[in-house]
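Put together the whole structure using the sequences plus the hints.
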Amino acid sequence: MSLCTLDRLITIFSPAGRLYQVEFAAKAVNRDNRTMVAIAGVDCVVLVVQRKPLSKYAVTETANRIFRISDVLGCAVIGRQADCKSHVHRALQEACVFQHRYGYPIAADVMCQRLADINQVYTHDANIRPLACSIVLISYDLQLGPLIYNTDPTGVPIGYRACVFGSAMQRGNYYVDSVYKYNMSKDETVKLAIRTLAFALDKELRATDFEMAMVTQSNPYFHILTESEINTQLIRMTKGRKRKRCC
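Position 172 of the sequence shown, counted from 1, bears residue number 172 in the UniProt record's numbering, the numbering being contiguous throughout.
FYI, nobody ran anything at the bench for these hints, they're computed from the structure.
All residues carry an ideal CB built from backbone N, CA and C; glycine is no exception.
There may be inaccurate statements among the hints.
What the hints assert, rightly or not - Below, in silico cross-link-like pairs of lysine-lysine (DSSO-like), each with a Cα-Cα straight-line distance of 27 Å or less: (1) Lys27 <-> Lys85; (2) Lys239 <-> Lys181; (3) Lys239 <-> Lys186; (4) Lys27 <-> Lys203; (5) Lys56 <-> Lys85; (6) Lys239 <-> Lys191; (7) Lys85 <-> Lys52; (8) Lys203 <-> Lys56; (9) Lys203 <-> Lys239; (10) Lys181 <-> Lys191; (11) Lys52 <-> Lys191; (12) Lys191 <-> Lys203; (13) Lys203 <-> Lys181; (14) Lys52 <-> Lys27; (15) Lys203 <-> Lys52; (16) Lys203 <-> Lys186.
Said to hold, decoys possible - Distance windows between CB atoms, simulated: (17) Asn127 <-> Glu229: 43 to 49 Å; (18) Ala63 <-> Glu229: 17 to 23 Å; (19) Tyr104 <-> Val42: 23 to 29 Å; (20) Lys181 <-> Cys96: 34 to 40 Å; (21) Gly17 <-> Thr226: 46 to 52 Å; (22) Pro15 <-> Val59: 46 to 52 Å; (23) Asn127 <-> Pro53: 34 to 40 Å; (24) Cys96 <-> Ser178: 39 to 45 Å; (25) Phe13 <-> Met237: 45 to 51 Å.
Structure follows, in structure tokens:
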């Protein structure tokens, strides 16, 4: 087999031990030019995703990247939009089957393991290409506390306390590494998530620039914030900065 054909096959390793089709899928995720941030506090998880500008005639709600999987589980996706929608639809199916079979909602870690298994199978079969989608799942578990899990085309499920994925991943992770604390309150976690995205994108954020969702210990139901609620959070942050300057 000539070397030039190695990048055409999903199931064949190159001489360097790499699966090029999986790497191509990972690059396609970054080509989406979006960034998502997930931060876990002591009793909450906050999820923020960059919103790309659309045509003024487009319906914004049809291009969302944050979805509710069940009452207590939600996700954010970046990558090719068709692949993301397919991945979310599969997650909804898995959540319904789990709820029907066991009588309680599926947790983020279990769902992530299942989606990672599906992604890994796609690297085995030559007639199915890997999905160009990176998904972050969040939930609040009564025993385990706040949960953040991610899986991508490689099929590896990984849990995080804080993470940044997408085109501005390096800048975002640099900021999180320098600021993150394990005992942050809900307000501190919200501020850190928004400031991380702002630092990663190097711009002042408005309510129309990103989507936001959260789960908390007091309200474990997955809540997607409206634009007015996001604007309220931004106003609180602005007032906090003014108070610090006055002091």
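Verification of the hints:
{"no.": "1", "hint": "Lys27 <-> Lys85", "verdict": "holds (18 Å)"}
{"no.": "2", "hint": "Lys239 <-> Lys181", "verdict": "holds (22 Å)"}
{"no.": "3", "hint": "Lys239 <-> Lys186", "verdict": "holds (17 Å)"}
{"no.": "4", "hint": "Lys27 <-> Lys203", "verdict": "holds (24 Å)"}
{"no.": "5", "hint": "Lys56 <-> Lys85", "verdict": "holds (22 Å)"}
{"no.": "6", "hint": "Lys239 <-> Lys191", "verdict": "holds (12 Å)"}
{"no.": "7", "hint": "Lys85 <-> Lys52", "verdict": "holds (16 Å)"}
{"no.": "8", "hint": "Lys203 <-> Lys56", "verdict": "holds (22 Å)"}
{"no.": "9", "hint": "Lys203 <-> Lys239", "verdict": "holds (19 Å)"}
{"no.": "10", "hint": "Lys181 <-> Lys191", "verdict": "holds (12 Å)"}
{"no.": "11", "hint": "Lys52 <-> Lys191", "verdict": "holds (21 Å)"}
{"no.": "12", "hint": "Lys191 <-> Lys203", "verdict": "holds (15 Å)"}
{"no.": "13", "hint": "Lys203 <-> Lys181", "verdict": "holds (24 Å)"}
{"no.": "14", "hint": "Lys52 <-> Lys27", "verdict": "holds (18 Å)"}
{"no.": "15", "hint": "Lys203 <-> Lys52", "verdict": "holds (14 Å)"}
{"no.": "16", "hint": "Lys203 <-> Lys186", "verdict": "holds (23 Å)"}
{"no.": "17", "hint": "Asn127 <-> Glu229: 43 to 49 Å", "verdict": "holds (45 Å)"}
{"no.": "18", "hint": "Ala63 <-> Glu229: 17 to 23 Å", "verdict": "holds (19 Å)"}
{"no.": "19", "hint": "Tyr104 <-> Val42: 23 to 29 Å", "verdict": "holds (24 Å)"}
{"no.": "20", "hint": "Lys181 <-> Cys96: 34 to 40 Å", "verdict": "holds (37 Å)"}
{"no.": "21", "hint": "Gly17 <-> Thr226: 46 to 52 Å", "verdict": "holds (48 Å)"}
{"no.": "22", "hint": "Pro15 <-> Val59: 46 to 52 Å", "verdict": "holds (48 Å)"}
{"no.": "23", "hint": "Asn127 <-> Pro53: 34 to 40 Å", "verdict": "holds (37 Å)"}
{"no.": "24", "hint": "Cys96 <-> Ser178: 39 to 45 Å", "verdict": "holds (41 Å)"}
{"no.": "25", "hint": "Phe13 <-> Met237: 45 to 51 Å", "verdict": "holds (48 Å)"}
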